[in-house]
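As you go down the protein sequences, you meet chains A and B in turn.
Numbering of the first sequence is given in the numbering used here, commencing with residue 2 and proceeding in unit increments.
Numbering of the second sequence is given in the numbering used here, commencing with residue 2 and proceeding in unit increments.
Mixed in with the good hints there might be a few duds.
According to the in silico footprint, chain B covers these stretches of chain A (three or more CB under 8 Å from chain B) [to be verified]:
1) 164-171
2) 180-191
If we take Cβ atoms under 10 Å as the criterion, some of the chain A residues that face chain B in the derived model are [claimed, not checked]:
3) N4
4) R66
5) L67
6) N156
Since the hints were derived computationally from the structure, they do not count as laboratory data.
Ideal placement from N, C-alpha and C gives every residue a C-beta, glycine not left out.
These are the residues of each chain, in order.
Protein chains: 2
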Amino acid sequence: MANKRVLVVGGDGYCGWATALHLSALGYEVGILDNLIRRHWDATHHIDTLTPIATIDRRIAAWQRLTGRKIDLFIADVAEYGQLAPAIETFAPDSIVHFGEQRSAPFSMVDREHAVMTQTMNVTGTLNMLFAMRDFAPQAHLVKLGTMGEYGTPNIDIEEGYIEIQHNGRRDVLPYPKQPGSFYHLSKVHDSDNISFACRIWGLRATDLNQGVVYGNSNETGDDPELVNRFDYDGLFGTVLNRFCVEAVVGHPLSVYGAGGQTRSFIDLRDTVACVELSIANPPDPGRLQVFNQFTETFSVLELAERVQRVATQRGLTATIEHRENPRVEREAHYYNAKNTSLLALGLQPHLLEDATIAAMLDLAELHRDRVDLAQIDPNVQWAPGTSRGRNASSAHAPSPILPPASASLTPLRR
Amino acid sequence: MANKRVLVVGGDGYCGWATALHLSALGYEVGILDNLIRRHWDATHHIDTLTPIATIDRRIAAWQRLTGRKIDLFIADVAEYGQLAPAIETFAPDSIVHFGEQRSAPFSMVDREHAVMTQTMNVTGTLNMLFAMRDFAPQAHLVKLGTMGEYGTPNIDIEEGYIEIQHNGRRDVLPYPKQPGSFYHLSKVHDSDNISFACRIWGLRATDLNQGVVYGNSNETGDDPELVNRFDYDGLFGTVLNRFCVEAVVGHPLSVYGAGGQTRSFIDLRDTVACVELSIANPPDPGRLQVFNQFTETFSVLELAERVQRVATQRGLTATIEHRENPRVEREAHYYNAKNTSLLALGLQPHLLEDATIAAMLDLAELHRDRVDLAQIDPNVQWAPGTSRGRNASSAHAPSPILPPASASLTPLRR
């Protein structure tokens with residue numbers, strides 16, 4: 002097996018943990034590098050994964066007990082070069098999968114401190130990674146997680162990273178213009194620009210994976226209680242499909258922000274880990290940044306709510322749909338046609354969103370129903386608090402999410 | 002006069018100081034906000050302006066003594082919100098001219114620390130400014146200095162910030178794709194993306210000035226010794242025209258990096274201050290980021306060397322041209338056609354580069370000939386040290402510029 006040694010940065014997170022196990026199961030020699038800050042943020046922001054997750058040490062020990070496979074662990078912060086560089090030098094990776102960033106749009110929009118922290122942390126971490134690669138692993142392949150949200154919602158087709166432009170009788174292939182929708186999404190655009198430059202001047206090689214919203218579970222994280230993956234449904238880190246499933250299970254209306262015509266890209270976690278493996282197996286030439294759009298389907302938010310409503314109703318749950326004022330500043334009806342042919346051409350076999358997948362998510366939510374805290378699903382971060390836009394969009398200013406969330410305006414949890 | 006109160010951030014620098022005086026002379030109520038870090042960097046990197054510049058306090062006192070006009074001074078760091086926000090609240094600017102960033106490409110390429118510092122400092126400062134405006138000056142107009150270097154050298158015409166793209170039968174006007182050529186230039190792209198987003202979600206208004214390389218002096222900084230502007234010719238902060246003039250005066254060959262076909266945009270400092278004033282007088286509507294390309298001419302590096310050589314020869318100086326290995330990774334021959342019609346349409350009367358301007362720069366260099374330190378003009382920052390590209394481009398690794406520069410390989414100064 003080529004590219005055998007893989008360092009998964011952010012390997013304690015939702016996508017990172019699943020990726021680490023998937024690659025380990027395939028026979029890669031896997032290391033995890035993580036500073037565990039996400040678990041700390043959960044605590045300091047009064048939120049929690051619906052599923053109880055084991056410590057990283059217990060997770061790794063359980064994996065070894067169950068499979069005989071060893072995973073190296075580096076408790077280290079990519080944004081601290083003195084922690085990152087020795088890990089790169091020691092582990093000597095062939096490939097580096099970089100999930101190690103603050104990955105939430107609402108978190109980045111809480112206030113100035115969260116915006117600055119998101120951008121400085123993400124940008125510094127990726128810059129550090131590029132310098133560490135230059136100096137200690139120049140042949141390694143960086144597989145960097147970006148987001149489809151980098152593109153925004155342009156009125157033309159979204160290509161994979163680059164677009165050929167004809168202009169005044171000349172032509173060039175240039176980076177696809179980006180219109181990101183949060184300080185988090187902006188940080189990913191900054192990263193992409195920095196990586197592109199480093200590849201160009203230092204001859205590094207990298208793959209930028211512009212990923213859609215991820216849902217579900219991978220094969221490796223599904224069963225054992227000590228391998229269980231996180232399930233975020235809160236207003237800061239939760240994703241829309243998770244939230245709908247939790248709402249359906251506890252009898253809360255499925256809360257659609259605004260008109261619900263916002264169309265986004267989605268991908269099953271089983272496909273995420275497959276895409277990362279395909280990327281590792283297909284590095285670009287030195288000096289080049291290749292860009293893949295990593296999603297399998299697009300849905301509007303309202304379509305997703307209706308999908309969950311249908312499956313929930315079949316199970317005898319009462320799931321109504323409620324439109325709420327949109328805390329974000331975004332188009333609620335727009336053109337959206339994004340390309341995703343590269344990973345399919347490399348062999349991806351998509352798991353499209355089936356009712357069975359939604360049913361499995363509802364099962365999981367029901368299993369952990371006693372852990373649901375409805376106060377956490379309040380969209381308590383406004384994109385434009387205190388501005389004319391914010392006042393138009395919402396009748397009240399956002400409470401700070403670093404205070405305990407107030408659930409007064411939400412349906413209380415009934416058992 | 003509308004938009005009367007102007008805060009010039011970075012008002013102690015080369016462009017900032019000239020802008021502050023120009024606006025003050027026109028009757029604007031001017032404040033300067035600066036953390037004076039540039040003077041500190043000069044000291045710590047063993048470099049110095051050719052012209053002896055007065056302290057900021059003596060500068061401002063001299064301006065008041067000579068003109069009767071007062072300039073408010075805030076010694077504050079834009080990257081420290083606790084320093085920036087009170088200044089914005091106190092001064093209550095109608096317009097904010099933001100020069101307050103690390104502005105050197107070679108400085109950003111020295112090593113990892115300089116790269117990370119450049120990006121975190123610049124990005125944090127501009128994010129802080131946007132939040133301070135949102136909360137304390139939402140009607141103010143941000144005039145932000147960017148650089149033509151953000152665009153790189155695409156094979157199509159460079160437009161002003163945006164480009165209409167027709168693609169697969171649809172069209173949209175999107176941000177112009179950028180291909181910046183250093184970690185510094187990248188930081189300016191990050192800034193532009195952040196500003197665009199803040200305008201969109203908070204209804205702020207901003208003008209992004211993508212400026213070319215600036216040369217010369219403004220009318221206000223020319224004469225009085227305590228108002229004199231800085232003149233950077235060193236390998237870190239110096240600009241190419243300044244360096245050629247100093248080289249010509251001391252009998253050093255004019256050092257052209259590589260083939261010299263690199264074409265760049267240029268502007269006279271008198272036009273810089275006029276462009277800023279035109280921008281202040283023409284703010285965009287709330288919610289919009291307008292982008293102007295702020296240059297008047299383009300030259301290849303070799304053309305500039307030949308211009309200086311001609312004027313120097315007329316004065317009896319011996320000015321040879323010497324091609325040196327290029328420390329940068331860049332195209333040395335390329336298409337370059339950038340638009341600059343917006344500021345002309347607003348009334349800019351350009352000062353094109355005349356022999357008299359070069360002669361005045363040579364005069365200045367001769368006046369301060371005894372302050373020339375030839376060791377400072379060594380291009381001691383490599384874009385790709387220690388990589389295969391760096392080794393191809395240069396036979397030796399770069400010495401760290403935070404050590405005293407070694408002048409052994411350069412012609413020693415002869416008086």
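To see whether the hints hold, each was checked on the structure:
Chain B is given as covering the region 164-171 of chain A, and this holds because 6 residues of the stretch bring a CB closer than 8 Å to a CB of that chain, at least three being needed. A count of 8 residues in the region 180-191 of chain A with a Cβ less than 8 Å from any Cβ of chain B is obtained; the coverage claim is therefore met, three being the minimum. Proximity of N4(A) to chain B is violated relative to the hint, the smallest CB-CB distance being about 20 Å (cut-off 10 Å). Taking 10 Å as the C-beta cut-off, the interface hint given for R66(A) is violated, the closest approach to chain B being about 40 Å.
For L67(A), the shortest C-beta to C-beta distance to chain B is roughly 40 Å, which exceeds 10 Å, and the interface hint is violated. Because the smallest distance between the Cβ of N156(A) and any Cβ of chain B comes to about 4 Å, under 10 Å, the interface hint for this residue holds.
Of the numbered hints given earlier, the model fails hints 3, 4 and 5; all others are met.
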